[in-house]
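**Q** Those protein sequence lines, which keep their order, are chains A and B.
For what it's worth, this note's numbering labels the leading residue of the first sequence as 22, then goes sequentially.
For what it's worth, this note's numbering labels the leading residue of the second sequence as 1274, then goes sequentially.
Because the hints were derived from the structure by calculation, they are not lab data.
Certain hints may be false.
Straight-line Cα separation of at most 25 Å, DMTMM-like style, residue types lysine to aspartate or glutamate; simulated pairs [claimed, not checked]:
| no. | chain 1 | residue 1 | chain 2 | residue 2 |
| --- | --- | --- | --- | --- |
| 1 | A | Lys58 | B | Asp1350 |
| 2 | B | Lys1311 | B | Asp1336 |
| 3 | B | Lys1343 | A | Glu60 |
Where chain A lies over chain B, by a calculated footprint (3+ residues, C-beta under 8 Å) [what the hints assert, rightly or not]:
| no. | stretch |
| --- | --- |
| 4 | 1281-1294 |
| 5 | 1322-1329 |
| 6 | 1401-1413 |
| 7 | 1422-1428 |
| 8 | 1593-1604 |
Backbone N, C-alpha and C define an ideal beta-carbon position, used for all residues, glycine too.
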Amino acid sequence: MYTVVPLLILFVLSSVTAIVFVLANRLLGPQAMTPSKLEPFECGVEVYGPVRQPLHVRFYLVALLFVLFDVESVFFFPWAVILKDLGLVAGVEMLAFLLFLVGALAYAWKKGALEWD
Amino acid sequence: MEIFLQEGLVLLKAALWAVALSLVMALVAGFLTYLERKVAGHMQARLGPNRVGPYGLLQFVADGVKLFLKEDLIPSDADAPLFRFGPYLVFVGSFAVFAVLPFGERIVATDLNIGLFYVLAITSIETVGLLMAGWASNNKWALLGAMRSAAQSISYEIPVGVSFLIPIVLAGSMSLQGIIHAQAGGFGLLGWNVFHNPFSLAAFFVGCTAMVAEINRTPFDLPEAESELVAGYNTEYSGMRFAFFFLAEYANIFVISMIAAAIFLGGWQLPSPFKDILPFGLVGSFVLLAKAAVLVFIVLWLRWTLPRVRVDQLMEVCWKYLTPMALVCLMGTAVWMWAFPGRIFFGLFGTA
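If we strip away everything but chain A, and leave its shape as in the complex, we get:
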């Protein structure tokens, strides 16, 4: 518990600092809004077309790959901590899992999931 308390205090303090900074900025800075100032910036040209258009599917593909590999790399953390004390069997088992992971990466590669065009 004593290791978590400083963290919580840090979170609270940094949030408070951030809010105070923004409030100070509100007080000190000018507030002279004009309609053209509030337009989205598009290199000086008038805004053309809707902004929130559908995005390319590859972004979702990357997100999927990330979820897969990140969750699997999380499995390694507890294993890595106690690897020194584990017997050979546990080490070999995890290496087999690692090979599966490499195989999965090779499969995604072959399927073209890693191409960005």
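Position chain B against the provided structure of chain A, taking the given hints into account.
**A** Relative to the frame of chain A, chain B by itself:
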């Protein structure tokens, strides 16, 4: 009564640490904005900032004051709550990492036993903040920059995570202090994780490359590639909210350098005769900060040496090179530990 006193002391200590760390972050990030311009200047045969204070050292103070006096603008079509909230997340996310950074043998705010895991987890919050900011801006550049930034940060988190595993395997601990303790021996040099075996040497370079990419620094700064996206996710921001992105970006450079120095380059380890010259292991702190400073300089240097990569190259480097390399390094280190147990410096020496 005694318990209350003890808890009060813990709270007081934590509060003091929080204040100290916020000062450290503000100073470090501010100084790095100055240093970046100074390094950039000298690499391009000009002087860089030299007007405010001696050698322009107070430039970042002047910049900070200027940002306070700017108009806090929220575009009319923006999603105001998200637009306001995004910068806070980025700021808090980058600040929270400072809590586990070891500044010396006995100088650390809180030595979490899941230290490195916490670093990985908390830095991901920044990605959420960037995505929020970019989407809420209602600006094409900001949206594209945010999507690129998210895709890049989450992709590069995998090589970073896997290369973090190598020091964890070697030390048998996720705590940053624990990892530094495990790098003792070999005159404070040969015991470094980077010298432990060929795979950990490779993992150091894989990890550093991936970390530079994860914080969106050049040559991987596609989210704010100014020649194509104006400024990426912070195009619409001004004043303090813009400053938060800026502050977080520069604080991140320091954070990754400190972490790389701690988990791969021996941290504050020193040969024992030098350890106790100054109290609190301060010599070690200077050594650690010097290592971090060298890495910071390399990160700044990269920006003026390497051209920006293309998006497809960026993804290719991550998924087709760094990730398999990191996985091979992990396998190799595990096998090496089994083949040469308790030995350091490429398996040549017994534990010193």
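**Q** Is lysine 1343/B close enough to glutamate 60/A, meaning Cα to Cα at most 25 Å?
**A** Holds. Lysine 1343/B to glutamate 60/A sits at ~18 Å (cutoff 25 Å).
**Q** Check whether three or more residues of the stretch 1322-1329 of chain B sit with their beta carbon closer than 8 Å to a beta carbon of chain A.
**A** Violated - the stretch 1322-1329 of chain B has 0 residues with a Cβ nearer than 8 Å to chain A, which falls short of three.
**Q** Does aspartate 1336/B lie within 25 Å of lysine 1311/B when you go C-alpha to C-alpha?
**A** 15 Å, holds
**Q** Taken at face value, is the distance from the CA of aspartate 1350/B to the CA of lysine 58/A at most 25 Å?
**A** 12 Å, holds
**Q** Counting residues of the stretch 1593-1604 of chain B whose CB is closer than 8 Å to a CB in chain A, do you get three or more?
**A** Three-residue rule met by the stretch 1593-1604 of chain B, so holds; n is 6.
**Q** Please check whether the stretch 1401-1413 of chain B has three or more residues whose CB lies within less than 8 Å of a CB on chain A.
**A** With 5 residues closer than 8 Å to chain A, the stretch 1401-1413 of chain B meets the three-residue bar; holds.
**Q** Given that the stretch 1422-1428 of chain B was listed as covered by chain A, double-check it with a C-beta distance under 8 Å for 3 or more residues.
**A** holds (count 4)
**Q** With a Cβ-Cβ cutoff of 8 Å, does the stretch 1281-1294 of chain B contain at least three residues near chain A?
**A** holds (count 9)
Of the numbered hints stated above, the single one contradicted by the structure is hint 5.
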